[in-house]
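Enquirer: Chains as they are written, first to last, in the working numbering: chain A, 1108 to 1405; chain B, 1108 to 1405; chain C, 1108 to 1405; chain D, 1108 to 1405.
No lab work stands behind these hints: they were computed from the structure. Accuracy of the hints is not assured; some may be wrong.
Which copy is meant is left open, so a pair is good if it fits within one copy or across any two.
[Unchecked claim] Here are the computed lysine-lysine pairs in the BS3-like style, where the Cα-Cα straight-line distance is at most 30 Å:
#1 1306 to 1384
#2 1346 to 1222
#3 1352 to 1405
#4 1352 to 1306
#5 1359 to 1405
#6 1359 to 1320
#7 1359 to 1222
#8 1306 to 1320
#9 1222 to 1306
#10 1306 to 1359
Source: prediction; values computed, not measured.
There are 4 protein chains.
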Amino acid sequence: MDKNAGAVGFIGIGAMGLPMATNLLAGGFALRVWNRTSGKTEPLSAKGATAVRNVADTVTPGGIAITILADDAAVESVTLGDSGIAARLGAGGIHVSMSTIAPATSERLAAQHAKLGSTYIAAPVFGRPENAEARQLVVCTSGPAAAKERVRPLFDAMGRAVFDFGEASGAANVAKLCGNFLIMSAIEAMAESFAMAEKCGVDRNQVAAMLTKTLFASPVYQRYGEMVAAKRHTPAGFKLPLGLKDAELVLKTAGDARVPMPLAGMIRERIIAGLAKGRDEMDWSALALGVLDEAAIK
Amino acid sequence: MDKNAGAVGFIGIGAMGLPMATNLLAGGFALRVWNRTSGKTEPLSAKGATAVRNVADTVTPGGIAITILADDAAVESVTLGDSGIAARLGAGGIHVSMSTIAPATSERLAAQHAKLGSTYIAAPVFGRPENAEARQLVVCTSGPAAAKERVRPLFDAMGRAVFDFGEASGAANVAKLCGNFLIMSAIEAMAESFAMAEKCGVDRNQVAAMLTKTLFASPVYQRYGEMVAAKRHTPAGFKLPLGLKDAELVLKTAGDARVPMPLAGMIRERIIAGLAKGRDEMDWSALALGVLDEAAIK
Amino acid sequence: MDKNAGAVGFIGIGAMGLPMATNLLAGGFALRVWNRTSGKTEPLSAKGATAVRNVADTVTPGGIAITILADDAAVESVTLGDSGIAARLGAGGIHVSMSTIAPATSERLAAQHAKLGSTYIAAPVFGRPENAEARQLVVCTSGPAAAKERVRPLFDAMGRAVFDFGEASGAANVAKLCGNFLIMSAIEAMAESFAMAEKCGVDRNQVAAMLTKTLFASPVYQRYGEMVAAKRHTPAGFKLPLGLKDAELVLKTAGDARVPMPLAGMIRERIIAGLAKGRDEMDWSALALGVLDEAAIK
Amino acid sequence: MDKNAGAVGFIGIGAMGLPMATNLLAGGFALRVWNRTSGKTEPLSAKGATAVRNVADTVTPGGIAITILADDAAVESVTLGDSGIAARLGAGGIHVSMSTIAPATSERLAAQHAKLGSTYIAAPVFGRPENAEARQLVVCTSGPAAAKERVRPLFDAMGRAVFDFGEASGAANVAKLCGNFLIMSAIEAMAESFAMAEKCGVDRNQVAAMLTKTLFASPVYQRYGEMVAAKRHTPAGFKLPLGLKDAELVLKTAGDARVPMPLAGMIRERIIAGLAKGRDEMDWSALALGVLDEAAIK
């Protein structure tokens, strides 16, 4: 991929998109950026990106567009239709879809792109905003091999590792949902166990520290373990309503594939309880507060 | 602690006890060993341990006894009564209780010891037989400080780290139950997510590999992730009925403390399903097979 | 309502629609009937109904249309658009929507009707095909009072009782979902308890008989209790995939209203397991078979 | 059974025992009564019963003793040992055990009685205190046929129906646990559905009324439906901690028989949440309040 071959379209300048685009600029890529609410693009313009008014203007025929947006509907709305990026990309163009969306949505989008001669690559990422800033994202990919190879330098500028799941359009989205579900499950499990510790008179922070230094010495347990143990769920790296979205994507995907996931079902209800109690602005790890409520722990 | 001050009593020569006692012998400790079924002590006798017929003969007044047995009842039966180790240990004696048992059982045993002048230390361990062999156990301790200090060299000969949870008799048992519950939860979560992956046409081993190399790069996820992904649950490092015992200890302890643990409840039922299907000889990770059954995956 | 004022449109001649329409004919109402697959209307034509080819032809401007279809999408597809019944009904027309659909769908449809001058009445029914035949349906209604009064004679010709839930478009649908959820819950509860009885050596049929003659002497427990006790789930009165549809309507409706329903979540997963095992043609009470599977009961 | 053949021992004068004993007196039976706290027997003494100080004095050799106590431990404590009723009853004596206890406890007690020549009959009852007063209890029986026949007049004086489950000692207890579990499940299901109704703007009392007049027109749904709909859980007919005891009896019995009961597990955790919040003095239907808490309904 020739960095000078033309600007890459970058669509979605949110908590994740901003540091990701910043790293692309730092890596020498020219960007044409767009966000639904336009003010968000300013920090990128200041670093040399070109902000455009219409989403289709981010891309050039045969070029590359990256989307990192809140949900399936947002990705579909910028992609499809006469003023969408698929029509503009056309033959030889590549849409790198980095949002956490349903595998079925990826399949639908891939089919649309195929009709127009462009290629769809699913490339959802693991990591929170601070990981994005630190170029420490983990990228999962799926889609046609040649296209994945062409866009690989972009991933290297944003993340620390790329895992490929083959050619099926939605495969990387499945892998991403697996991971997000494991994170939620770990939060619920830690919340329950630390609540037991606390009401048995044992220091919950000490339990968290012991477990996350030994058996569970991994990034997810360390980061979320500290939050759950400390009962601290602000500021949000990823808000609770997005957790609901992901739990529902998991349940829908699994349901369509006829896979019962009772733990996923339990977690969805836990998140809904948190939203019923007005925790919309908290981090998704705030699902853990439901355990405290039910155990009557302050 | 003077290694030559008298043999340490070592009670329970099972899958865990054997490598632990072996390491104590290798570390220069003299041992008097006992097992309910006596043949099990032979490998230790061959390395210099003295096998005794009556459990009380493992200990000398004022000495040290280690128990590592299958359940609460077994620990109580060797400890209490006229022919139990508590009566024999007497003033200055220490009982190092390394089994996974209820915090309430530790409290009861500690109270009995106190009446007889001896001291009870809870010191449950994390690790499977291969970790015990490799001196890689993680030891959690609680009980009177002076006694913990005296027996510390024993832990150093068997494990790689000691985490202390203070003076309350059952505190270390609570921490141990927290950890075991997190392991079961991780198994269930992985089982559900890998089932989703498989029925969506994504390679479950690849998903497991990606997740356990990145976000979940920890011993528990790596070991159990590989087993769950490969649907391989024999040979057993820790059998499924012991998993039921632990799930029930968690639920009893949490219930008594008025902490609802719906995920623990769900996992207990999952384990019971596995036992209903005759998986008694499998590893406790075989609870994952229930997910495959329900998803009609071979 | 003048029975001779013009034919009523009747849309959806399935397991429920056929006996309902038959009772309307028997009650003296003229009907213009339509079904997606046209052969189904023949028994009604034989009794005097007029079968039409296009769904809009079932209705006359200012007239009445009844829909009793499989799901939300089906109701929306016959209602909306230029060739839908809403456009044809126009000012003064009434759409009596008797399917089990989401309250939100009723609200959307009511709003569309309002724009066109017609009125939408939600009127979902409780009862299985045999109850429909016996004119024993229970009808729940909501919507504008005048319209409900005008169509009341139709309900009297099809059911044994009408319960009104006020003017809000979706209120009757909420009540219907409450009832369907209680039925599913009762099936799951009976399945679990009868499994316990059986494996404890107690006759499950005898337990079912005792309970449904005393504390649970109600139609739902008697009918489903007999099926669950006998492990007999064919022929289907209401197929398992429809049970999934209803469980998902409950979860969506409750989720949008921020009401966690963990039992509904558990039941959805139970139904999915049944579908994974190929029970699509069985009655929805076949969710009970999942309990037998997990308990390893034949 | 000859009413004049000697007084019947009646042990346990609580919320249920008092009206049951009162009805026996009214039916012409002579009673010797005992309660752990002795004041409770006064209303019965006033009606002709003989209050005794030692529980064994309630019975005569070869006579009949009825126990209706809070839990398994209480029944065992009055039955076993030198000063227990089993030793006193001796050859030809009958112990009619009417408490809700584990089937396994019945088996253990039956075996003890058999050794002493007496007979154990399990005869747990369905009904709340007001049903006991109204002689409307439902009695489930199991045990040796001749003994059941001899004590039958007692049941007729206390209840409206007797259902027999054969000769196995614990069979009637299994049936009783099935029923209690169905009640708890119905409470949870109603609580969830009425919460959905309320947050969707539909009158929860109206939904309850409709359902309990039609599909769920049975005593349990009518009584508890009204309580759950009205959010009124005092005064207690059966307290929440007794609900926990019963849920745990169900789980223990099912677990030992290798029957997974995920709904029972969920309900246990729900009850524990209620107790964590201090609802110990409320009716067991107060488990429904947990649903309101989680949905943030007042």
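Enquirer: Reference check for the pair residue 1359 and residue 1222, CA-CA at most 30 Å: within, between, both, or neither?
Expert: Result: close within a single copy only, 26 Å intra versus 33 Å inter.
Enquirer: Classify it for me, residue 1352 with residue 1306: is the Cα-Cα distance of at most 30 Å met within a copy, between copies, both or neither?
Expert: between (32 Å within a copy, 21 Å between copies)
Enquirer: Tell me, please, which holds for residue 1306 and residue 1320 at an alpha-carbon limit of 30 Å: within, between, both or neither?
Expert: Within. Shortest intra-copy distance 23 Å satisfies the 30 Å Cα cut-off; inter-copy 34 Å does not.
Enquirer: Treating 30 Å as the Cα threshold, decide for residue 1352 and residue 1405: within, between, both or neither.
Expert: Close inside one copy (28 Å) and across copies (27 Å); limit 30 Å.
Enquirer: Go through the copies and call it for residue 1359 and residue 1320: within, between, both or neither, with a Cα cutoff of 30 Å.
Expert: Between copies only: 27 Å across, 35 Å inside.
Enquirer: Under a CA distance limit of 30 Å, which applies to residue 1306 and residue 1384: within one copy, between copies, both, or neither?
Expert: both (23 Å within a copy, 13 Å between copies)
Enquirer: For residue 1359 vs residue 1405, is the C-alpha pair at or below 30 Å within one copy, between two copies, both, or neither?
Expert: between (34 Å within a copy, 22 Å between copies)
Enquirer: Quick one: residue 1306 to residue 1359, C-alpha cut-off 30 Å, is that within a copy, between copies, both, or neither?
Expert: Answer is between: at 13 Å across copies they meet the 30 Å cutoff, but 36 Å inside does not.
Enquirer: Could you figure out if residue 1346 and residue 1222 sit no more than 30 Å apart (CA to CA) within one copy, between two copies, both or neither?
Expert: neither (36 Å within a copy, 38 Å between copies)
Enquirer: Reference check for the pair residue 1222 and residue 1306, CA-CA at most 30 Å: within, between, both, or neither?
Expert: Classified as between: cross-chain Cα gap 27 Å, same-chain 60 Å, threshold 30 Å.
The earlier numbered hint that this structure contradicts is number 2, and it is the only one.
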